[in-house]
Amino acid sequence: MVSRNRSIIQLDKKTVNKIAAGEVVERPSSVVKELVENAIDAQATEITIQIKGYGLEEIRVMDNGIGMSREDANIAWREHTTSKLRTIDDLNSLFSLGFRGEALASIASVSVLEILTKPRSQSTGTFIRVKGGELEKTEERECAPGTAISVKNLFFNVPARRKFLKSRTTELGHIIDVATRQALIHPEIHFKLMHEATILLHSPKSDNPLDPFIEIFGVEDAKKMLPINYSDEGLEITGFTSFPELSRSTRDFEFFYVNKRHVRSRLLSEAVEEAYKSLLMKHRYPVVLLNLAIDPSQIDVNIHPTKREIRFDDTKKIFGLVTKAISAALSSKELWREMSALKKRQEPAASEVKQVLLPFTPLKESATPIKAPSEITAVPSQSERQSIHAPAPNLELRFKPGDKQQQQQQLKTASTMVKFSETFWIKPLGQALKLYALCETNEGIAIVDIHAAHERIRYEELLRRYKKAKIKQQELLQPITFSLTTEQAAFLQEYLDHFKAIGLLPEKFGGNTYILRSLPVIMDLTLTEEDITNLIEEVRLEIPKLSTLNARIDLLLKTMACHSAVRGGDAITTEKIAEILRLLSACEKPYTCPHGRPTIIKISEKALEKEFSRIV
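Position 283 (the sequence shown) corresponds to 305 in my numbering; numbering is contiguous.
What the hints contain is simulated information worked out from the structure, not anything from laboratory work.
All C-beta atoms, glycine included, are put in the ideal place defined by N, C-alpha and C.
One or more of the hints may lead you astray.
[Claimed, not checked] Calculated lysine-lysine pairs in the DSSO-like style (CA-CA distance at most 30 Å, straight line): (1) K245 / K611; (2) K174 / K188; (3) K346 / K530; (4) K174 / K153; (5) K174 / K214; (6) K304 / K522; (7) K282 / K185; (8) K628 / K611; (9) K214 / K339; (10) K304 / K456; (11) K174 / K74; (12) K246 / K282; (13) K282 / K339; (14) K530 / K567; (15) K338 / K299; (16) K489 / K628; (17) K338 / K490; (18) K598 / K355; (19) K188 / K214; (20) K174 / K227; (21) K153 / K188; (22) K346 / K174; (23) K153 / K339.
[Claimed, not checked] Okay, the calculated beta carbon distance ranges per label pair: (24) E210 / P566: 18 to 28 Å; (25) D94 / E360: 50 to 60 Å; (26) D274 / C165: 35 to 45 Å; (27) T272 / T550: 32 to 42 Å.
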């Protein structure tokens, strides 16, 4: 036990360096991150990472960058030495990943560090060995241009740090994660990661920014990614974001970069998720790779020892522009869901699959076949969606004179045909299971969740009127009275202004009983006593968790839309289904209900023919 009566002393340099190293070098993956960032800053186009003993025995990073002179190599491993800046003002124009001059010094103080480096202008290279922060050897050696840095016996002199590391497979998983995040944003660099003799990651150099994603996640997931190219107010946003059908249960698949520096940002996550609002179900998150090219003077990267976090000067501007960028990408293509049950049932041939043999790969929820990049087809351009009530141009009404029955049937067919876009038509055939509408399309068949579709229509109409502050009221011939529990009544009183804002005007009617004398005038909106009490109970525990008024109002609108939409079990005519489809085609986001469930699932004619063995 340390005595409380000890006098204050100045720590020796070795102790200081070991303590300081703890902030920069938390685990083996921290070493990989720092060395790879140095290689990128050195303009490398090839980076190879070799791991032994899960990173504790040796980490070796080799690059073909500009290399270091003997003079630079001799001071590069010492503390506070850097080529990236000269004064604090240089941070305002900094684009390099490293700048503090701490990484190599911190690594050298807790390992055996070996540097072999040569610039192209020199005939021989320089070899340096440092153990525990003490220089052991310097000599000239023959080597290829570039730099190779080996970190051996990590934490050999800090046993407590080794003690608190996770399992070996977990630590290796973190290394894979670091390498993956760098490979994804640098298609111009050939990355290879190996553990012993096993290749864990291989991303060849490419001109196509999507190719690293294909190598890591596979062709099938890559086909579900939308390109992002957005520029406004001095900010350039590029990358890829997923169709709503490609989502994950955690935010681990949100990859954010600022000037190609990987960062973790709650602000960017919230901005992306705002764009997906009502497209994804609760607790589902998109796959997104986003790079923000921004003036360095508008950010602060010097707020965290590992530079994982970043501060923006204008958070409101960044939030708005990122949301716009994602929304623009999502609106560029029709987001139909394909029937997953009718996808390939045969297992892919072994030759088509590159298996990841390690059970700890942190970035994948499931294994995905990885095929050649050429299998990715170009994303076709989309014509603007329209709501057109006229018959399809190629629909011919042929009938014999006097054949009124046939004439009426063809006119009925024409009246129920709905055009979603220039290339997609849909015609309801009838109701199935009192839940779905079975439809014929020009591409095959489609199944419509009638409740989800009607819910989307209701939500967008409510939202539109709320934003315009034009939710008109209609007096009820028979007012609705409803009774609440004590908890429900207390909640309603606290958030009464929220309910009034969306057009619900409950009045006290004695005790915990309330009365509604009017409802919003929105199409054929009807609400029962049960609908209202269910609505209040459904949002009672969720609304207090939401920090903004807009979020709380949005939840109320979604819930109100849900409880007022056509219900499963309700009988509905083909003409009514057609009317719902027409209204749905005019919605901004017709492909999902406000909670993120699909409204329409398409089954292509080809998929049906395969299921019925009409084609092989």
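Outcome of the hint check:
1. Among the hinted pairs, K245 with K611 is consistent with the structure: their alpha-carbon atoms are about 20 Å apart, no more than 30 Å.
2. For the hint linking K174 to K188, the alpha-carbon distance of about 19 Å falls within 30 Å, and the restraint holds.
3. The suggested pairing of K346 with K530 is violated, with an alpha-carbon distance near 42 Å, which exceeds 30 Å.
4. Distance hint between K174 and K153 is fulfilled; the C-alpha atoms sit about 9 Å from each other, no more than 30 Å.
5. Among the hinted pairs, K174 with K214 is consistent with the structure: their alpha-carbon atoms are about 20 Å apart, no more than 30 Å.
6. The suggested pairing of K304 with K522 holds, with an alpha-carbon distance near 26 Å, which does not exceed 30 Å.
7. At most 30 Å may separate the alpha-carbon atoms for a hinted pair to count; K282 and K185 exceed this at roughly 34 Å.
8. With a C-alpha separation of about 27 Å, the suggested pair K628 and K611 falls inside the 30 Å cut-off, and the hint holds.
9. Restraint check for K214 and K339: not satisfied, since their Cα atoms lie roughly 37 Å apart, outside the 30 Å limit.
10. Distance hint between K304 and K456 is fulfilled; the C-alpha atoms sit about 26 Å from each other, no more than 30 Å.
11. Straight-line distance between C-alpha atoms of K174 and K74 comes to about 9 Å, which keeps the hinted pair within the 30 Å bound.
12. Between K246 and K282 the alpha-carbon distance is near 23 Å, which keeps this suggested pair within the 30 Å criterion.
13. Our distance criterion of 30 Å between C-alpha atoms is met by K282 and K339, whose separation comes to about 20 Å.
14. Taking the CA atoms of K530 and K567, the gap is about 26 Å. The hint holds against a cut of 30 Å.
15. Between the alpha carbons of K338 and K299 the distance comes to roughly 18 Å, so the proposed pair stays at or under 30 Å and holds.
16. This hinted pair does not check out: K489 and K628 have alpha carbons roughly 43 Å apart, beyond 30 Å.
17. With a CA separation close to 23 Å, the supplied pair K338 and K490 stays within the 30 Å bound.
18. The suggested pairing of K598 with K355 holds, with an alpha-carbon distance near 27 Å, which does not exceed 30 Å.
19. Annotation: proposed proximity of K188 to K214 holds, straight-line Cα distance about 24 Å (limit 30 Å).
20. A distance of roughly 29 Å separates the Cα atoms of K174 and K227; the hinted pair therefore holds under the 30 Å criterion.
21. Under the criterion of a C-alpha separation no larger than 30 Å, the hint pairing K153 with K188 is consistent with the structure, at around 25 Å.
22. The straight-line distance between the Cα atoms of K346 and K174 is roughly 47 Å, outside the 30 Å bound, and the hint therefore fails.
23. Taking the CA atoms of K153 and K339, the gap is about 48 Å. The hint is violated against a cut of 30 Å.
24. For E210 paired with P566, a C-beta distance near 48 Å fails the hint of 18 to 28 Å.
25. D94 and E360 have their C-beta atoms about 56 Å apart, which keeps the hinted 50 to 60 Å range intact.
26. A beta carbon spacing of about 38 Å between D274 and C165 agrees with the range 35 to 45 Å that was offered as a hint.
27. Distance hint check for T272 and T550: the Cβ-Cβ separation is about 39 Å, which falls inside the suggested range of 32 to 42 Å.
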